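Q: Sequence:
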Amino acid sequence: MKHTISVLVENEFGVLTRVAGLFSGRGFNIESLSVAPTIDPSISRMTIVTSGDDQILEQITKQLNKLIDVIKVIDFTGQDYVEREMAMIKVTAEEKTRAEVLRIVDIFRAKVVDVTPRSFTVEVTGAPNKINALVELLSPMGIKELVRSGPVVLGRGPKAWRGTD
174 MKHTISVLVE NEFGVLTRVA GLFSGRGFNI ESLSVAPTID PSISRMTIVT
224 SGDDQILEQI TKQLNKLIDV IKVIDFTGQD YVEREMAMIK VTAEEKTRAE
274 VLRIVDIFRA KVVDVTPRSF TVEVTGAPNK INALVELLSP MGIKELVRSG
324 PVVLGRGPKA WRGTD
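Residue numbering for the sequence shown is 174 to 338, as defined by the working numbering.
Keep in mind that the hints were calculated from the coordinates and are not lab data. Possibly wrong hints are sitting among the right ones.
[Stated by the list, open to error] Cross-link-like lysine-lysine pairs, in silico, DSS-like; alpha carbons within 25 angstroms at most:
no.	residue 1	residue 2
1	K263	K284
2	K175	K239
3	K175	K303
As the structure is a computational prediction, the values presented were derived from the model and not from experiment.
Generate the whole structure from the sequences, applying the supplied hints.
A: What follows is the structure, encoded as structure tokens:
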């Protein structure tokens, strides 16, 4: 089962290594990891996507909560949240396929951020399944490179993480 976890941590040297080590030490794979400072520059938010059964994830969550630099851990599985991911896709854009690539990009509300005589670089933001669908449609044209940020999530509703609530 897929799990999306947000972890508020102290924005300090070595925290990422300790969190990643906790996962690898238990043979648990991190499928996606995104880390950035929050409104408070002394605190960072990690968004971790992983797969596993609920029992193993519960153990991981308890171990994360024991780390001294961890402020709060939340597993968004089964909760109401907003999820977005960003991707850049370099796609072949020969003369005969340029119009089709642009049509597909427009349909997905993506944008072309770079053009060369033989390729377009496309930027797209949205739910992971939207990005998967765009990649699938652009694949026959020839994807040269693909980079994805991995999802970031926020819980729905008024509650906010500030490190103290």
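Q: Does each hint fit the structure? Answer for all of them.
A: The hints, checked one at a time:
With a C-alpha separation of about 12 angstroms, the suggested pairing of K263 with K284 holds against the 25 angstroms cut-off. As the CA atoms of K175 and K239 are separated by approximately 23 angstroms, the hinted pair is consistent with the 25 angstroms bound. As the CA atoms of K175 and K303 are separated by approximately 17 angstroms, the hinted pair is consistent with the 25 angstroms bound.
In the structure shown, no violation is registered for any of the earlier numbered hints.
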